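Asker: Protein chains in written order, with numbering that gives the first Met the number 0: chain F, 0 to 224; chain D, 0 to 224; chain X, 0 to 224; chain G, 0 to 224; chain A, 0 to 224; chain E, 0 to 224; chain U, 0 to 224; chain C, 0 to 224.
Check each hint, because a few of them may be wrong.
[What the hints assert, rightly or not] The list that follows gives simulated cross-link-like pairs (lysine to any residue, SDA-like), each with its CA atoms no further than 25 Å apart:
{"hint": "1", "chain 1": "X", "residue 1": "Lys53", "chain 2": "U", "residue 2": "Pro106"}
{"hint": "2", "chain 1": "D", "residue 1": "Lys53", "chain 2": "D", "residue 2": "Gly15"}
{"hint": "3", "chain 1": "A", "residue 1": "Lys53", "chain 2": "F", "residue 2": "Asp127"}
{"hint": "4", "chain 1": "D", "residue 1": "Lys53", "chain 2": "D", "residue 2": "Val70"}
{"hint": "5", "chain 1": "C", "residue 1": "Lys53", "chain 2": "G", "residue 2": "Leu58"}
{"hint": "6", "chain 1": "C", "residue 1": "Lys53", "chain 2": "G", "residue 2": "Ala23"}
{"hint": "7", "chain 1": "G", "residue 1": "Lys53", "chain 2": "G", "residue 2": "Ala23"}
{"hint": "8", "chain 1": "U", "residue 1": "Lys53", "chain 2": "X", "residue 2": "Pro83"}
{"hint": "9", "chain 1": "D", "residue 1": "Lys53", "chain 2": "D", "residue 2": "Arg39"}
{"hint": "10", "chain 1": "C", "residue 1": "Lys53", "chain 2": "G", "residue 2": "Ser103"}
{"hint": "11", "chain 1": "D", "residue 1": "Lys53", "chain 2": "G", "residue 2": "Ala27"}
{"hint": "12", "chain 1": "X", "residue 1": "Lys53", "chain 2": "X", "residue 2": "Asp9"}
{"hint": "13", "chain 1": "A", "residue 1": "Lys53", "chain 2": "F", "residue 2": "Asn185"}
{"hint": "14", "chain 1": "F", "residue 1": "Lys53", "chain 2": "F", "residue 2": "Val4"}
{"hint": "15", "chain 1": "G", "residue 1": "Lys53", "chain 2": "C", "residue 2": "Leu52"}
[To be verified] Covered by chain A, according to a simulated footprint, are these stretches of chain F (three or more residues, beta-carbon under 8 Å):
{"hint": "16", "stretch": "52-59"}
{"hint": "17", "stretch": "114-128"}
{"hint": "18", "stretch": "167-181"}
[To be verified] Some, not all, of what chain X presents toward chain F, calculated at C-beta under 8 Å:
{"hint": "19", "residue": "Ala62"}
{"hint": "20", "residue": "Ala63"}
{"hint": "21", "residue": "Thr102"}
{"hint": "22", "residue": "Leu124"}
{"hint": "23", "residue": "Asp127"}
{"hint": "24", "residue": "Ala131"}
No lab work stands behind these hints: they were computed from the structure.
If you're wondering where the values come from, they're calculated on a predicted model, not measured in any experiment.
Yeah, the Cβ is synthetic: ideal placement off N, Cα and C, and Gly gets one too.
Residues per chain, in single letters:
Protein chains: 8
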Amino acid sequence: MSDFVNLDLDRPRRTGTPEVVYGAGKTAAQIATILYRIHRSGQIALATRVDALKAEAVLAELAAQAPGVAVRHHADAAMLEIRPEAEARAEPVGSVLVISAGTSDLPVAAEAVAVAEALGNRVSLIQDVGIAGLHRILSHLDRLRAARVIIVAAGMDGALPAVVAGLVAAPVIGLPTSVGYGAALNGIAPLLTMLNACAPGVAVVNIDNGFGAAMLADRINRGLP
Amino acid sequence: MSDFVNLDLDRPRRTGTPEVVYGAGKTAAQIATILYRIHRSGQIALATRVDALKAEAVLAELAAQAPGVAVRHHADAAMLEIRPEAEARAEPVGSVLVISAGTSDLPVAAEAVAVAEALGNRVSLIQDVGIAGLHRILSHLDRLRAARVIIVAAGMDGALPAVVAGLVAAPVIGLPTSVGYGAALNGIAPLLTMLNACAPGVAVVNIDNGFGAAMLADRINRGLP
Amino acid sequence: MSDFVNLDLDRPRRTGTPEVVYGAGKTAAQIATILYRIHRSGQIALATRVDALKAEAVLAELAAQAPGVAVRHHADAAMLEIRPEAEARAEPVGSVLVISAGTSDLPVAAEAVAVAEALGNRVSLIQDVGIAGLHRILSHLDRLRAARVIIVAAGMDGALPAVVAGLVAAPVIGLPTSVGYGAALNGIAPLLTMLNACAPGVAVVNIDNGFGAAMLADRINRGLP
Amino acid sequence: MSDFVNLDLDRPRRTGTPEVVYGAGKTAAQIATILYRIHRSGQIALATRVDALKAEAVLAELAAQAPGVAVRHHADAAMLEIRPEAEARAEPVGSVLVISAGTSDLPVAAEAVAVAEALGNRVSLIQDVGIAGLHRILSHLDRLRAARVIIVAAGMDGALPAVVAGLVAAPVIGLPTSVGYGAALNGIAPLLTMLNACAPGVAVVNIDNGFGAAMLADRINRGLP
Amino acid sequence: MSDFVNLDLDRPRRTGTPEVVYGAGKTAAQIATILYRIHRSGQIALATRVDALKAEAVLAELAAQAPGVAVRHHADAAMLEIRPEAEARAEPVGSVLVISAGTSDLPVAAEAVAVAEALGNRVSLIQDVGIAGLHRILSHLDRLRAARVIIVAAGMDGALPAVVAGLVAAPVIGLPTSVGYGAALNGIAPLLTMLNACAPGVAVVNIDNGFGAAMLADRINRGLP
Amino acid sequence: MSDFVNLDLDRPRRTGTPEVVYGAGKTAAQIATILYRIHRSGQIALATRVDALKAEAVLAELAAQAPGVAVRHHADAAMLEIRPEAEARAEPVGSVLVISAGTSDLPVAAEAVAVAEALGNRVSLIQDVGIAGLHRILSHLDRLRAARVIIVAAGMDGALPAVVAGLVAAPVIGLPTSVGYGAALNGIAPLLTMLNACAPGVAVVNIDNGFGAAMLADRINRGLP
Amino acid sequence: MSDFVNLDLDRPRRTGTPEVVYGAGKTAAQIATILYRIHRSGQIALATRVDALKAEAVLAELAAQAPGVAVRHHADAAMLEIRPEAEARAEPVGSVLVISAGTSDLPVAAEAVAVAEALGNRVSLIQDVGIAGLHRILSHLDRLRAARVIIVAAGMDGALPAVVAGLVAAPVIGLPTSVGYGAALNGIAPLLTMLNACAPGVAVVNIDNGFGAAMLADRINRGLP
Amino acid sequence: MSDFVNLDLDRPRRTGTPEVVYGAGKTAAQIATILYRIHRSGQIALATRVDALKAEAVLAELAAQAPGVAVRHHADAAMLEIRPEAEARAEPVGSVLVISAGTSDLPVAAEAVAVAEALGNRVSLIQDVGIAGLHRILSHLDRLRAARVIIVAAGMDGALPAVVAGLVAAPVIGLPTSVGYGAALNGIAPLLTMLNACAPGVAVVNIDNGFGAAMLADRINRGLP
């Protein structure tokens with residue numbers, strides 16, 4: 000059916016999670032084809048970085064190609080999802096907390112939420128609690144301490160992950176975003192801040208990579224072996 | 000006794016681990032004083048980045064200042080450790096695996112091992128399994144899959160963490176080292192490689208920061224709450 | 000006919016290959032004119048970086064200007080080609096293997112394939128064999144070991160060339176692509192990875208420069224003198 | 000007496016503060032000569048970046064050259080100071096607060112303290128209150144809110160100035176230090192963090208430039224015109 | 000009404016100024032909602048980085064949602080402003096001087112002027128006085144020396160703040176702009192120049208961040224406590 | 000005998016060349032041990048980056064540990080070599096030409112020469128033919144055109160590889176060196192020049208990495224399969 | 000007439016050349032106004048970086064505002080020029096040679112030619128003589144040696160200025176362009192190459208700054224005092 | 000006599016100046032040998048970057064090797080010079096003005112002075128006239144306007160060359176130095192400032208490269224052809 004792709008269908012066995020389609024550089028037709036192939040293998044099929052226009056095209060393509068298949072479109076996260084058909088959805092496990100420092104960081108945080116939930120984790124979100132007003136994050140101490148792993152999305156100074164890591168015992172995943180004025184260097188500045196966090200317990204993933212943060216959180220939250 | 004330091008003795012309660020002394024910019028006298036203060040508070044006292052010469056001076060200082068206290072010197076890790084006195088040492092928990100890509104990455108890996116062990120984790124080490132000879136890492140698949148969290152120290156191309164993350168379900172902590180020719184940019188190159196790992200599940204810490212990798216691994220391995 | 004260009008028609012004698020037109024900053028009219036001039040000198044005429052729209056315009060221009068001339072349009076590689084008229088096409092020589100790490104790297108790999116084939120090399124392509132699933136590249140060991148020179152296109156962590164170089168005795172040309180999240184820095188990250196490859200035998204060319212990789216592979220594959 | 004230097008003795012009239020000698024690239028003899036020339040003009044004479052060895056040599060040189068002159072050596076700040084002879088020392092004015100995030104930032108903070116005090120400002124210091132333990136800085140809220148201008152010296156993540164600026168109405172001067180692991184890039188990382196502070200009211204000066212922070216604080220604290 | 004935002008309405012009490020909406024990454028509807036919420040809390044409501052098109056949409060939205068509210072549109076500064084309703088506008092205080100080095104720096108300077116004025120400061124502007132013709136800035140010496148704080152917006156070489164700081168006793172806020180040829184690196188070059196100003200008394204804010212410069216100037220100009 | 004190292008003794012079978020010891024970060028004892036282990040496996044044993052002092056210590060160590068073994072010390076190349084004992088040295092094959100642009104580039108070029116010769120290639124060297132005097136390189140056209148592969152070591156502007164590639168049909172390996180004034184950025188500048196060579200046919204290796212250039216040249220020169 | 004601009008009409012007296020309008024960030028109306036003001040002062044009026052569309056608008060504006068004034072539009076150089084009315088055009092003086100390395104560098108070279116000619120210099124142009132075919136530049140040795148000052152525009156490796164400087168006694172102005180693949184870093188790579196030119200006698204100006212190269216060449220060519 | 004060097008003795012004929020020895024990476028013996036070879040060819044022999052210790056060794060070597068030859072040691076410029084024997088020294092020509100912004104820039108300025116004088120130019124020096132006190136440079140207007148070419152050495156903000164270029168009609172050579180705090184980036188900051196000089200007429204050479212500035216000034220000052 001398609002020879003441009005060489006799917007790693009063995010991945011769930013090795014790593015616990017399926018291959019996820021990175022939609023940014025692909026056509027709607029390519030995305031539809033790959034999603035459908037993953038779906039037919041019995042795995043959950045996800046595509047990230049599918050903007051509104053392209054999502055519409057993929058949905059149309061799949062409606063034609065695979066009429067009965069239910070595709071979820073997470074618009075805020077720019078993600079498409081097809082759940083395995085015959086599967087009774089299991090209860091979500093553990094507790095992943097996603098925090099966005101500012102309103103502008105929300106799209107990146109939303110990708111993290113959507114991916115982590117799709118993989119079966121229990122996820123909650125705290126928004127707009129940047130360090131310019133410390134009382135905002137401090138008012139959530141109980142929720143912070145109840146999480147098994149915390150993802151903190153932040154642009155500009157990127158300081159929130161270190162503040163959070165100083166308050167809890169769970170691992171904190173710093174998720175730098177490309178939000179900010181010129182010297183934020185499209186996310187390099189918050190990335191560096193997080194790598195240099197003076198509070199230990201902070202891991203860092205790539206800029207605007209909500210997907211990567213969620214995949215890592217999933218591994219930590221599942222707690223295997 | 001000393002007013003130059005403002006210890007955060009409440010940290011274990013909040014984060015599960017004590018403050019650790021960063022020895023690099025401090026005098027032997029300062030390190031001895033702080034270690035002893037932490038020790039007297041009943042917590043485990045650790046100092047990293049204490050080179051051979053300075054370690055000797057700290058040991059002498061402590062022998063004079065606090066004669067009965069047993070100080071362990073981990074020479075390969077450049078670390079000093081004073082265990083809480085009355086405590087019967089608990090069994091180490093979980094499983095932290097530390098991997099060094101090459102022989103030159105060993106000192107950084109050793110710091111990770113020493114810190115993680117001091118904090119009560121069960122730790123093991125695999126050495127010299129860089130990707131130039133893939134069979135070396137592949138021969139350890141069982142040990143890789145038995146770990147709850149894996150730290151991979153690598154300089155130069157920094158590619159090993161991504162290879163490992165593609166083989167296991169556990170979270171992988173990429174620990175870039177400053178080993179390499181000029182274009183390794185003192186560790187920036189492997190740091191970037193790890194941030195861009197095409198296999199999901201990789202978190203990254205600062206360059207040569209074995210301490211930070213261990214603190215993060217400890218949080219993941221303990222699996223709280 | 001045109002005074003804006005000063006063609007180096009002596010180049011094949013000195014270097015074995017003709018001048019190739021870099022289409023990116025040129026108008027369709029300029030490209031058509033230069034291609035035709037090279038063609039009339041009896042050499043093979045190639046233009047890279049000619050997007051779909053511009054290619055159409057060049058084809059129209061050439062159809063008008065030089066009616067009988069057959070122009071091939073390699074759409075996936077964004078390349079135009081006019082073969083020398085009277086020449087019986089020789090058998091392709093040697094063996095150049097092009098590998099793309101991911102689907103998003105394909106356009107760059109395609110440019111390398113098209114240029115290398117146009118110059119008379121025997122070329123084959125392996126796609127979508129990134130290191131997140133090592134078994135994919137390992138399943139091609141025989142083809143890897145049969146090649147005289149291997150081009151490996153990879154973005155993100157750029158780790159595949161080093162893995163390949165550890166498996167074969169042939170020279171490996173690392174071809175970094177600009178694919179990836181923010182910290183890939185538009186290809187700088189995989190470029191650095193390849194320069195720091197811990198497996199010896201890797202050479203590196205410019206980012207997204209499939210043309211340059213092919214020209215180098217051609218020199219190696221011809222094996223002169 | 001010396002023709003290698005062209006002092007700007009008019010500076011106090013224009014800017015309110017004298018020229019200060021940057022000792023780093025100068026010989027002890029040069030420093031002694033310049034200090035003495037400034038002193039003879041009736042202004043306060045300061046030299047920064049004079050390490051212990053060089054300070055001793057300058058003191059010896061001045062003892063020989065200008066026997067009666069009293070030179071103060073601020074060892075922690077690596078600064079030399081000669082106060083104007085006939086002047087009755089005025090009361091210090093306003094309130095400059097200097098904060099050091101960690102013990103390793105103290106030498107830079109000490110330079111800021113020494114320079115600001117020498118210029119006639121009332122200065123106080125808070126040490127070792129990094130954001131890994133927020134309660135430390137929060138316990139000083141009253142002192143923070145009583146200051147007219149606050150200098151915050153921090154290396155590593157450089158996040159403390161933004162936290163402080165969110166708590167007070169006074170201007171905050173971010174003073175990045177070169178303390179940290181590799182990705183701190185010798186102070187570039189905290190410098191960027193401070194430039195991107197999400198709390199408004201933060202100004203930034205050069206790395207390790209305690210002198211510059213103090214000169215700026217002096218201008219703000221004097222509140223002219 | 001809206002749960003995507005978590006306003007810090009306590010900020011004026013702590014820092015003397017309200018939260019300001021950064022319009023760049025937000026929709027017109029979001030901006031309208033947040034402005035109106037701030038307005039209803041009795042504080043001044045400002046939104047920066049609202050381009051002409053978006054401003055029109057926000058104005059329409061507010062006209063529908065909150066018919067009686069007067070919204071000012073500062074087109075040159077891309078700013079929207081709603082003043083507190085019942086408040087008799089106080090006299091502006093102190094003296095903030097904004098200087099733009101060249102005509103291309105004007106939009107950034109205009110943002111600084113509009114924000115500083117909205118916060119109640121007395122503000123004046125001097126334009127187009129770059130150092131290529133020193134007589135231009137020197138002809139304004141009296142105005143320079145009458146200001147309590149000076150903001151200097153400059154791109155390209157970014158040298159004007161240092162020149163100004165050498166002429167006055169007031170603090171100088173360097174505001175780098177992204178104006179210039181390639182090696183200006185979108186504002187990094189003037190940012191570095193200002194950080195390295197050889198005349199003391201210069202503080203630096205982020206690139207093109209007229210808002211941040213004004214917020215800092217406001218703190219200095221108010222002169223509290 | 001030693002458990003700190005995990006030699007890849009299978010490498011010659013896979014890649015045609017043995018593992019080579021990178022001496023920079025290792026002790027004399029470690030180097031001696033590894034060299035001897037490689038030697039006993041019947042392969043050629045090489046160690047690069049062994050400075051004069053360390054070389055002496057390794058020689059002493061080996062004289063004690065393995066009395067009969069002949070170790071060659073290439074002082075100019077900072078390399079140690081132990082040839083397989085029973086082997087009748089084969090004739091060197093092919094033709095590798097090494098060129099150094101300036102006298103300061105010689106140590107790097109010497110490493111390339113020594114490694115390439117040790118691996119059995121026929122190697123020759125042309126020195127001090129930088130582009131400031133083009134006649135120097137042009138006077139060697141015959142030797143340039145007789146080589147199967149050419150290594151060009153150059154610092155500063157790094158322009159020589161492109162000039163050479165425009166004159167010959169053989170592949171050219173650009174070997175940037177860290178020679179030059181400040182803006183050479185320790186070799187980054189010539190590295191970039193070579194990556195951007197306007198003449199096709201240039202591959203680039205890491206800064207000062209004569210070893211890597213030689214390993215690549217060896218693969219090309221052997222011309223397998 | 001316009002208060003947004005503060006022209007430096009004294010500049011010719013001080014520096015020998017008038018202020019030139021940088022059109023990039025300005026509206027057509029602004030450009031027309033400033034050009035006309037300079038023209039009325041009796042000086043030559045030039046505007047650079049005026050693209051085709053904007054040029055048309057400026058011409059229309061000037062036709063309406065100042066009907067009799069003759070405006071020249073140099074389309075290839077994106078420049079507008081109004082010569083002083085009553086002036087009999089003097090003979091061009093000296094000899095400025097402009098060289099473009101490749102066809103893609105022509106627009107930048109054209110700006111240099113147009114500005115230098117407008118200022119009264121005798122200018123000639125050599126095109127498409129990059130170092131990939133050295134015979135091209137060598138065939139112009141006589142013209143090279145007859146010039147009083149040479150501007151060399153080059154992107155990619157930026158090596159041509161050094162080659163030229165090694166052949167002549169005149170000063171060479173390196174003019175880096177933003178032409179090239181990713182690692183050319185938008186002109187940073189050729190800029191660095193030129194700063195590191197191993198042949199002395201090369202000066203460097205900003206990326207794509209044909210205007211700046213011409214202004215400098217004009218100063219050198221006039222040879223004052 | 001020596002085969003490690005390939006002198007370009009034809010250079011004076013082509014470029015008007017001899018090859019100059021860059022002493023930094025060479026041994027005293029190498030420098031002595033090359034200087035003597037140049038001297039014997041009848042040209043002026045210069046070596047730069049010869050520190051005090053190495054200079055002594057070269058002088059001893061030359062005293063032994065070539066007893067009658069007079070070698071001048073310019074200690075402040077770290078330069079050695081042997082003038083052609085039989086030549087009656089010609090009058091220096093033209094007027095090269097060297098300016099150092101601060102005392103710390105003097106060693107770099109001194110190299111420029113020494114090289115320019117050795118090549119036969121009339122040279123004068125103005126010291127310590129940084130822009131923090133503009134009156135200092137303005138007091139030298141007559142000397143500035145009398146120069147044919149001006150070299151301005153400056154570290155930190157590097158702003159002085161632009162100020163000078165706005166005052167004179169002669170070409171200005173910006174010579175950045177590595178003097179400054181951390182964000183000066185070892186001279187990169189002033190280098191960028193000079194490349195972005197808002198006053199036209201500034202050329203830039205490499206960091207701390209007084210030699211290069213002098214060689215360029217020599218070409219401009221001689222005014223050929």
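Asker: Within a Cα-Cα threshold of 25 Å, do lysine 53(A) and aspartate 127(F) meet the stated pairing?
Answerer: holds, 23 Å
Asker: Does valine 4(F) lie within 25 Å of lysine 53(F) when you go C-alpha to C-alpha?
Answerer: At roughly 19 Å apart (the allowed maximum being 25 Å), valine 4(F) and lysine 53(F) satisfy the hint.
Asker: Verify the proposed pairing of lysine 53(X) with aspartate 9(X), using a straight-line Cα cut of 25 Å.
Answerer: Measuring from Cα to Cα gives roughly 28 Å; hence the hint is violated.
Asker: Mind checking, does the stretch 167-181 of chain F have 3 or more residues with a CB under 8 Å from chain A?
Answerer: holds (count 4)
Asker: Tell me whether the statement that chain A covers the stretch 52-59 of chain F is true, taking a Cβ distance below 8 Å and needing three residues at minimum.
Answerer: Answer violated; 0 residues pass the 8 Å Cβ test.
Asker: Given the hint that lysine 53(D) pairs with valine 70(D), test it: the Cα-Cα distance must not exceed 25 Å.
Answerer: holds, 14 Å
Asker: Would you check the hint for lysine 53(U) and proline 83(X), treating anything up to 25 Å between C-alpha atoms as holding?
Answerer: violated, 44 Å
Asker: Check the hint pairing lysine 53(C) with leucine 58(G) against an upper bound of 25 Å on the C-alpha distance.
Answerer: Not OK: lysine 53(C) and leucine 58(G) at ~31 Å, beyond 25 Å, violated.
Asker: Against the 25 Å threshold, does the CA-CA distance of lysine 53(G) and alanine 23(G) hold or violate the hint?
Answerer: holds, 10 Å
Asker: Does the closest beta carbon of chain F sit nearer than 8 Å to the beta carbon of alanine 62(X)?
Answerer: violated, 29 Å
Asker: Taking the closest Cβ pair, is alanine 131(X) under 8 Å from chain F?
Answerer: Where the cut-off is 8 Å and the nearest Cβ of chain F is about 7 Å from alanine 131(X), the hint holds.
Asker: Does alanine 63(X) pass the interface check with chain F, least Cβ-Cβ distance below 8 Å?
Answerer: violated, 32 Å
The structure fails to meet hints 2, 5, 8, 10, 11, 12, 16, 19, 20, 22 from the earlier list, while all remaining hints are met.
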